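> One letter stands for each residue in the lines below.
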Amino acid sequence: MAEPVLSLRDLRVTFPTPAGPARAVRGIDLDVMAGESVAVVGESGSGKSVTMLATLGLLPKAEVSGSVRYNDTELVGADVDTLRSVRGRRISMVFQDPMTSLNPVLTIGKQMALVMKAHQPELSKKDCRSKAVDLLHQVAIPQAARRIDAYPHELSGGMRQRVMIAMSIANDPEVLIADEPTTALDVTVQAQIMELLQTLRVEKNLALVLITHDLGVVAGSADRVAVMYAGRIVERSPVRDLFADPQHPYSRALLECLPRLDQKQEVVSSIGGTPPNPADLPTGCPFAPRCPMALPSCTQAEPTLVRFRTSEVACNIVSGGDRAEAQA
Amino acid sequence: MPFLLFGIASIVFLVSRLTPGDPLVTIVGERNLNNPEIVAAAKARWGLDQSVLTQYGHYMKNLLHGDMGTSFTTREPVVHDLWLRLPATLELTIYALFGGVIVGVTLGVLAARHRNKFIDHIARFFALMGSSLPAFWAGLLLLYVFYARLGWLPGPGRIDPRGVAPDKVTGFYTVDSLLQGDFALFKDSVMHLILPATVLGWGVVGIVSRLVRASLLDEFSMDYVRVGRAMGLRERTVVNQHALRNALLPTITIVAFTFAFLLTGAVLTETVFSWPGVGSYAVDASRNLDYPAIIGVTLLGGTAFLLTNLFSDIAYAFADPRIRLS
Ligand SMILES: Nc1ncnc2c1ncn2[C@@H]1O[C@H](COP(=O)(O)OP(=O)(O)OP(=O)(O)O)[C@@H](O)[C@H]1O
Ligand SMILES: [Mg+2]
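Note that the protein sequences, when read in sequence, are chains A and B.
Quick note: the first sequence uses our numbering, first residue 781, plus one each step.
Quick note: the second sequence uses our numbering, first residue 120, plus one each step.
Next comes chain A alone, as it looks inside the complex:
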């Protein structure tokens, strides 16, 4: 089997807060193979962004432990120069809000040039410019040669996200982490951006880590899915299997939240209750208080990921074989 390009092992992130340590990420294992597409889904606050930011060492105030390996380079606890040589060059990131992700007082050409110069200092101004125009072409921005001198506020949200994507692939990375790249955009634009990411992934053999809280986005664009809850992965499956037969009650609840074409429902149902506060986690399974299938034993020990058919699931009921019983 091939080696993963990016490999997280028992990654943990704790924020010191006035209310005590907030354990936002509590032991994540994730492998990303070259050129594949992995989705990480979960409700707001489940720790998706924190996981990815910690991967690139972008959380100076947090306590990070465990291991993040890019090929043979360990990134947790790495020095600034090592991290800098990976950020944007090997592993790149696209953020959620294209409105605020670009600097309002610099032209997009200038911002792209800064990104290129960070890893290719030998490039001349002219090289940067022609490369930037070329990149804007690749992300399908019309009139790229003119747009390069535009300021962010002169572009629409979708265009800005395209610019962000152009920037993120400017140094030919191997892994692209897209953190809810379409959440802030119009529905029509969302599909275009997802399509663009897929095209680039195939053309450039990029590994794509797609973070989202929208399972609908995942269906057409990922090979594997990891479902996160309260800082942990609770289910890991091939996309097809997750949609066909979700194992974890939380995954199932997420799927039920999806608006379905055959039901024409106006209001999208949502999971009752709220995710736990990372500074004050319940004992046992963190989903138990909201879980429709919870048994008294669920509040005793927190389950770990266990192989179940084609998936891995962290649920006492499922792995304990009590599932049928509980449903009955």
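Don't read these hints as lab results, they were simulated from the structure.
Since the structure is predicted, the reported quantities are computational estimates derived from the model, not experimental observations.
A virtual CB, placed ideally from N, CA and C, is assigned to each residue, including glycine.
Heads up, some of the hints might be wrong.
Straight-line Cα separation of at most 20 Å, EDC-like style, residue types lysine to aspartate or glutamate; simulated pairs [said to hold, decoys possible]:
no. : chain 1 : residue 1 : chain 2 : residue 2
1   : A       : 890       : B       : 342
2   : A       : 897       : B       : 354
3   : A       : 841       : A       : 823
4   : A       : 841       : B       : 239
5   : A       : 911       : A       : 954
6   : A       : 841       : B       : 337
7   : A       : 841       : B       : 141
8   : A       : 906       : B       : 337
9   : B       : 180       : B       : 156
So, partial list: chain B residues that the calculated Cβ filter (under 7 Å) puts toward chain A [as the list claims (entries may be wrong)]:
no. : residue
10  : 175
11  : 180
12  : 218
13  : 342
14  : 346
15  : 348
16  : 349
17  : 355
18  : 360
19  : 361
20  : 365
21  : 440
Could you slot chain B with the ligands onto chain A? The hints should help.
Same frame as chain A, but now just chain B with the ligands:
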């Protein structure tokens, strides 16, 4: 803007006439106050025998023609006096402003990058001193240390008292001396500028460095800064090329206010350093109840303030593309 100045002139005129005190002391001298003939003649000569309202109307009419009256003390037209002294003040203020802004921005950046570390505390202390030390006291202290004790820098005045001022082109000695190729004089005028400009500019450093630090810290929490870091930019690039540009926008506005601060500061600084500018003129004028001079100085200050505000608005619009293009 002309209306504003008109208002300022009116207020200052009325306030100055309502202040207790007798300008005749200045005009005729204390000894002659008992001589009714001389007093009456002086009153008639300066128009002080008319009602305040008539005087006011008269003054305003002249003002429209660019005439601010004649100083009781120098017996010269106020406009002439101001014109003569303005370059000295401008030279001092501009060096203080530019020096203060450059040092202030540098300190602000250092403080923000090393927040809550040693450098930050030092910068805060330095800034605090700048905004709380009275110019008078700081000026005397610096003069004492660097002139009287160490002898590193020259004493008060714009140039060595034995020297000859350069021919007036701009009125800035540092410029005019160069224009006539006199490097010794240039050096002399620069040396004379160091202490008063430091005293005056220190306050600017205080304001600007605190502001730059605060707005930089704001910018640091912005998404585009995180994006820059995630793209592998050097911290130096993230700060200087990305965050600082945004952080300087509010600074542009503040510099206009700083300028007002500088004008008041100039009064004290010029007095301490015997700087022959508008500030020391203002002190003399108010000490002698020299009405025309007082109003003249106030109007000049008001004009300067309005002009800097206008200038900062333009500069802001120029620096912020979101405003420039809309
Ligand atoms: N700097 C921080 N200090 C303290 N707590 C933090 C910090 N950043 C994030 N958290 C906490 O960590 C938890 C996980 O946040 P994270 O941003 O990873 O969620 P997410 O899954 O990305 O959600 P979303 O869908 O809203 O982006 C949240 O409870 C959040 O409050
Ligand atoms: Mg997030």
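> Work down the list of hints and note, for each, if the structure agrees.
Evaluation of the provided hints:
| no. | hint | verdict |
| --- | --- | --- |
| 1 | 890(A) / 342(B) | holds, 17 Å |
| 2 | 897(A) / 354(B) | holds, 14 Å |
| 3 | 841(A) / 823(A) | violated, 24 Å |
| 4 | 841(A) / 239(B) | holds, 18 Å |
| 5 | 911(A) / 954(A) | holds, 18 Å |
| 6 | 841(A) / 337(B) | holds, 16 Å |
| 7 | 841(A) / 141(B) | violated, 67 Å |
| 8 | 906(A) / 337(B) | violated, 33 Å |
| 9 | 180(B) / 156(B) | violated, 29 Å |
| 10 | 175 | violated, 49 Å |
| 11 | 180 | violated, 49 Å |
| 12 | 218 | violated, 25 Å |
| 13 | 342 | holds, 4 Å |
| 14 | 346 | holds, 5 Å |
| 15 | 348 | holds, 6 Å |
| 16 | 349 | holds, 5 Å |
| 17 | 355 | violated, 11 Å |
| 18 | 360 | holds, 6 Å |
| 19 | 361 | holds, 5 Å |
| 20 | 365 | holds, 6 Å |
| 21 | 440 | holds, 4 Å |
The structure fails to meet hints 3, 7, 8, 9, 10, 11, 12 and 17 from the earlier list, while all remaining hints are met.
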